[in-house]
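Trainee: Given the structure of chain U, go ahead and fit chain V onto it with the hints provided.
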Amino acid sequence: MIRAEKLTRRFGDTLALDNTDVHIREHATTVIMGGSGSGKTTLLRLLAALDVPTSGSVWFADEDIAHVGRKRLYELRSRMGMVFQYSALLNSLNVYDNIAFPLHEHTKLDESVIRTIVSMKLEQVGLRGFEKLMPSELSGGMAKRVAFARALAMDPEVVFFDEPTSGLDPISAGVVTTLIHELTEKTKMTSVVVTHDVHAGLSIADHVILLWQGKVIAEGGPEEIRHSTDERVRQFIEGRPDGPIPFSRSKTPYIDDLLGQTEGASK
Amino acid sequence: MSEQVIAQNGMARLLGKLGRKVLGAVAWLGDMASVTGSSLALIFVPPWQGKHFVLQLYALGVGSFIIIAITGAFTGMVLSLQGYYTLAKFGSESLLGSAVALSIIRELGPVLGALMLVGRAGSSITAEIGIMRVTQQLDALQMMAVNPQSRIILPRIVATIIALPILVSMFDIIGLAAGYVVGVEMLGVNAGAFTGEMIAKILPEDLYAGWTKALVFGALIGSVCTYMGYRAEPTTEGVAKATTQAVVIGSVGVLMMDYILTSFFL
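Top line first, the protein sequences correspond to chains U and V. Mind the numbering: the first sequence is residues 1 to 267 in the numbering used here, read in order. Mind the numbering: the second sequence is residues 1001 to 1266 in the numbering used here, read in order.
Honestly, the hints are just simulated from the structure, not real lab data. Each hint should be verified, as a subset may be incorrect.
Unchecked claim - Derived, one-sided and incomplete: chain U residues facing chain V with beta-carbon distance under 10 Å:
hint: 1; residue: ARG45
hint: 2; residue: ALA48
hint: 3; residue: ALA49
hint: 4; residue: LEU50
hint: 5; residue: LEU73
hint: 6; residue: TYR74
hint: 7; residue: GLU75
hint: 8; residue: MET80
hint: 9; residue: PHE84
hint: 10; residue: GLN85
hint: 11; residue: ALA88
hint: 12; residue: ASN91
hint: 13; residue: PHE101
hint: 14; residue: ALA147
hint: 15; residue: ARG150
As the list claims (entries may be wrong) - Non-contacting residues of chain U with respect to chain V, defined by C-beta distances greater than 12 Å in every case (computed):
hint: 16; residue: ARG3
hint: 17; residue: GLU26
hint: 18; residue: ILE117
hint: 19; residue: GLY174
hint: 20; residue: THR184
hint: 21; residue: VAL198
hint: 22; residue: HIS207
hint: 23; residue: ILE217
hint: 24; residue: ALA218
hint: 25; residue: GLU223
hint: 26; residue: GLU231
hint: 27; residue: ARG232
hint: 28; residue: PRO244
hint: 29; residue: LEU258
Unchecked claim - Cβ pair distances, simulated, as ranges:
hint: 30; chain 1: U; residue 1: THR229; chain 2: V; residue 2: ALA1012; range: 55 to 65 Å
hint: 31; chain 1: U; residue 1: ASP242; chain 2: V; residue 2: ARG1120; range: 49 to 59 Å
hint: 32; chain 1: V; residue 1: VAL1134; chain 2: U; residue 2: GLY239; range: 24 to 34 Å
Positions of the beta carbon are idealized from the N, C-alpha and C atoms, including for glycine.
If we strip away everything but chain U, and leave its shape as in the complex, we get (with noise of 0.2 Å):
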């Protein structure tokens, strides 16, 4: 479906992606994990052709969308949809009009059926009933789910996910993982999410992709993941702060920081 090759991106000094392939399989659900600063963010905008890459190539329906003109960009965008992590619903619209949004801007639909579609969207997210409220009305699971009727308004082939359940309560946070389960079983769509929470992630995950400092350390289906015998993987998964995944991410060890001043002192 998605297939990144030798995939790296580069903020100034900083390496936020290494050489990365990633094949992102049809029909499923593929979670990419990782620490804080592993990455993962990076890959997702890289793959939903929201950032260049440094080097490499995103390969979407036998394209190259990392290196297409905007005109076909959008197009191909039209079989994508995005949940972000701060759900981004347009903040001078309401629930309606923000899922009704990209069917104003790329159908002719009579505004009977585009009413029809909304309704249905809301329901499947749970919220019917709803559409007169305005984001800034939303809890933050409300929101992420008007986000996700937002994002399969159009009815696309794949949809990212980034941080779903972040910042939300467990019980809203289970909502939002069983709908993305179930949503992309019924679809048939492909689910591309992102996320540190390791709970959920293996939960809904047809296949996991396990990131560290910009490179995949493992891949796999949740089991092989589960019971890995990679330290770097077994650390991330039962959240373990020692092991080969360093706690301290400061670029020199303190000590010959403070013996440096202490020597620098006595000259």
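Mentor: Quick look at chain V alone, frame taken from chain U:
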């Protein structure tokens, strides 16, 4: 190390720092021209943004009218008051009408109108687009195959270019009326002399000069304020910084451009 070498190193560092600042400013200007130019080029590309342009024109024009009217009224009043006491020293009170009108139409109307628009509407344009950047609404538009430059930036730049000359015309009318009230009704200048001098001395070129300045200032404000929001660092602090910078750069840019245009029209 000799004192000469230390001085040379210091000078090299200073020149290097200055060079980097200049290069940064050139890059900034280039990027702004690129974003503005590519946004304006979309005016010929469907889908047409007519509805969004009208909404922006309404928000900018109607929303800024009160502040423009108040500024225009007090500018006309103070010009009339100050002008009267200066002209009275030379026994030329009858010239008050033309003095007030020329000052407002050629200079103060466009400049003060533009400064008011930067403060009131420009800052809100930057903050609005910046917040859309922080909350990923611009990315969401991209994902829904809607170009933010076409939907968000273009209508705001065009609305600013069109709204400012209209607002400046209102500023001029209100300023002249207020100047008349103070000069004729309060200070006792002859009404016929005030209006006669005003009509006789104001040439079509003066009106064109004022409107041309308003058009250029409108384009400048629209470009700077939309660009600063579009390129705002996606943090709360980044939006606040971009908003402040937009007002400062917009205001200073208006004053600098005013000098260039005034020297061109004189």
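Trainee: Beyond 12 Å from every Cβ of chain V: is that where the Cβ of ARG232 of chain U lies?
Mentor: Per Cβ check, ARG232 of chain U is outside 12 Å of chain V; nearest 30 Å; holds.
Trainee: Can you verify the interface hint for GLN85 of chain U: is its Cβ closer than 10 Å to any Cβ in chain V?
Mentor: holds (7 Å)
Trainee: With 12 Å as the threshold, tell me whether ILE217 of chain U passes as away from chain V on beta-carbon distances.
Mentor: Check passes; 28 Å lies beyond 12 Å.
Trainee: Would the non-interface assignment of GLU223 of chain U survive a Cβ cutoff of 12 Å against chain V?
Mentor: holds (32 Å)
Trainee: Would you say LEU258 of chain U is clear of chain V, with no C-beta pair closer than or equal to 12 Å?
Mentor: Holds, because the least Cβ-Cβ distance between LEU258 of chain U and chain V comes to about 30 Å, which exceeds 12 Å.
Trainee: Is it true that the C-beta distance of ASP242 of chain U to ARG1120 of chain V lies inside 49 to 59 Å, as the hint says?
Mentor: holds (56 Å)
Trainee: THR184 of chain U clear of chain V by more than 12 Å, beta carbon to beta carbon?
Mentor: For THR184 of chain U, whose nearest Cβ neighbour in chain V is about 18 Å away, the distance exceeds 12 Å, so it holds.
Trainee: Is it the case that ARG3 of chain U keeps its Cβ farther than 12 Å from each residue Cβ in chain V?
Mentor: Since the minimum Cβ distance to chain V is about 20 Å, ARG3 of chain U lies beyond 12 Å and the statement holds.
Trainee: Compute the least Cβ-Cβ separation between PRO244 of chain U and chain V, then decide whether it is above 12 Å.
Mentor: PRO244 of chain U clear of chain V: closest Cβ-Cβ about 32 Å, beyond 12 Å.
Trainee: Hint ASN91 of chain U vs chain V: min CB-CB distance below 10 Å?
Mentor: holds (7 Å)
Trainee: Hey, does the ALA48 of chain U contact hint survive, CB to chain V under 10 Å?
Mentor: holds (7 Å)
Trainee: Report holds or violated for the interface hint on GLU75 of chain U, using the least CB-CB distance to chain V and a cut-off of 10 Å.
Mentor: holds (7 Å)
In summary, this structure violates none of the numbered hints.
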